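First to last, the protein sequences are chains Y and X. Our numbering puts the first residue of the first sequence at 11, with every later residue one more than the last. Our numbering puts the first residue of the second sequence at 43, with every later residue one more than the last.
Treat each hint with caution, since some may be false.
With a straight-line Cα cutoff of 20 Å, these simulated SDA-like cross-link-like pairs (lysine to any residue) come out [as the list claims (entries may be wrong)]:
| # | chain 1 | residue 1 | chain 2 | residue 2 |
| --- | --- | --- | --- | --- |
| 1 | Y | K89 | Y | I108 |
| 2 | X | K46 | Y | N110 |
| 3 | Y | K173 | X | N66 |
| 4 | X | K110 | X | P97 |
| 5 | Y | K98 | X | E159 |
| 6 | X | K46 | X | A170 |
| 7 | X | K60 | Y | N110 |
| 8 | Y | K98 | X | P97 |
| 9 | Y | K173 | X | P97 |
| 10 | Y | K89 | Y | S105 |
| 11 | Y | K173 | X | S79 |
| 12 | X | K60 | X | E77 |
Derived Cβ-Cβ restraints for the label pairs, each shown as a range [to be verified]:
| # | chain 1 | residue 1 | chain 2 | residue 2 | range |
| --- | --- | --- | --- | --- | --- |
| 13 | Y | S153 | X | P93 | 17 to 27 Å |
| 14 | Y | S142 | X | D119 | 19 to 29 Å |
| 15 | X | K59 | Y | G124 | 11 to 21 Å |
| 16 | Y | E157 | X | S121 | 44 to 54 Å |
Calculated from the structure, these hints are not laboratory results. This one's a predicted model, so the numbers in the text were calculated from it and none came from an experiment. We put the beta carbon where it would ideally sit given N, CA and C, even for glycine.
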Amino acid sequence: MYPRLETKWANPVNENVLRAVSQESQESFVTINDPDSIGDMLVSANAVLDKMLIAANGANYSLVTVTFPVLGWAENWTKFHELATKWKQDRSGISSRIQNIVSDPNYLQIIGMGPDVVPLILLQLRNELKYSEPDHWFVALRSITGENPVPAASRGNLVEMAKSWIEWGVERGLLDAENFRGAFSKSW
Amino acid sequence: MTQKTFEELFPNLGNWKKTSNATNAYNCVAFAASEDSRWWDCAPFDDYYWPENVPRDDTLATFIELYKALGYQVCPDGSLEQGCEKIVIYANRLGIVEHVARQLPNGSWTSKIGEREDIMHETPDSLAGDEYGQPICFMSRPNRQEAAV
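Model the full structure from these sequences, guided by the hints.
This is the structure in structure tokens:
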């Protein structure tokens, strides 16, 4: 499903190789899988060079797998990424009421994307868990899937909530322990 | 869009001090109850923590019930009283609770501002305005540390 290009490089990274990889991409978005350093993340083709260079500065960095996504996948990611960015940027951050936070039109549009967006939310959540703090994706996940895998004892603890949802996604093959699978046709 | 500053959001803020980094690990409702590891929320969907025996709505009556379960009783004002811990509940014009702050031992107040930082502010009125409404209910309980002694 995903044409795969694997590139191995040594430190210091050859910038020309990175640029060539970036330009070779015919799609707008790629997945970088670098478990030793930055983890896998989704970035635009324009940003991929920077991300790779950042990754390359990590001491343990040795291998990058670039996965070229199918077209529909990229479109979904683009839409999700734009809406998520607006949701994060537009809110004042001063409300303590979750209803205020998730009633934002951008957030509601993400919910409106339906099951296809679930793997993307889970990936976003996993990256937030790894690099910053989990955001309030739980209402969207619950609304779309009709499920709530978070045990009662963990409710309100955003880190534990994120872990529960990621585990839920792994169990259903929407992402695995390290890599995003983008399995849109999966049902739960 | 750049986030507005606290001075822009709270015109009556006066002197204030940031006392933590921004985090969404907890909110003001939890922070007023001296908890900093969970987000307490009364939304009808039960994704977030809310005590089981308290109704899930955002009215003042419900929040009074919430903090009564933690040992607080309604009191007349936010004056500093020896041996007491106080909180203040803010509500908007519709009576919806928007914020809760906690009094510090020196008489000033501390608030967790939504998903942003904890701050220290001089009075409950410091945060009054369009965002959080007005401080409309004070509650107190015996200081737990002194009670333990």
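Status of each hint after checking the structure:
| no. | hint | verdict |
| --- | --- | --- |
| 1 | Y:K89 / Y:I108 | violated (23 Å) |
| 2 | X:K46 / Y:N110 | holds (17 Å) |
| 3 | Y:K173 / X:N66 | holds (16 Å) |
| 4 | X:K110 / X:P97 | holds (13 Å) |
| 5 | Y:K98 / X:E159 | holds (16 Å) |
| 6 | X:K46 / X:A170 | holds (16 Å) |
| 7 | X:K60 / Y:N110 | violated (24 Å) |
| 8 | Y:K98 / X:P97 | violated (30 Å) |
| 9 | Y:K173 / X:P97 | violated (28 Å) |
| 10 | Y:K89 / Y:S105 | violated (26 Å) |
| 11 | Y:K173 / X:S79 | holds (15 Å) |
| 12 | X:K60 / X:E77 | holds (18 Å) |
| 13 | Y:S153 / X:P93: 17 to 27 Å | holds (24 Å) |
| 14 | Y:S142 / X:D119: 19 to 29 Å | violated (40 Å) |
| 15 | X:K59 / Y:G124: 11 to 21 Å | violated (45 Å) |
| 16 | Y:E157 / X:S121: 44 to 54 Å | holds (49 Å) |
Checked against the numbered hints above, the structure violates hints 1, 7, 8, 9, 10, 14, 15; every other hint is satisfied.
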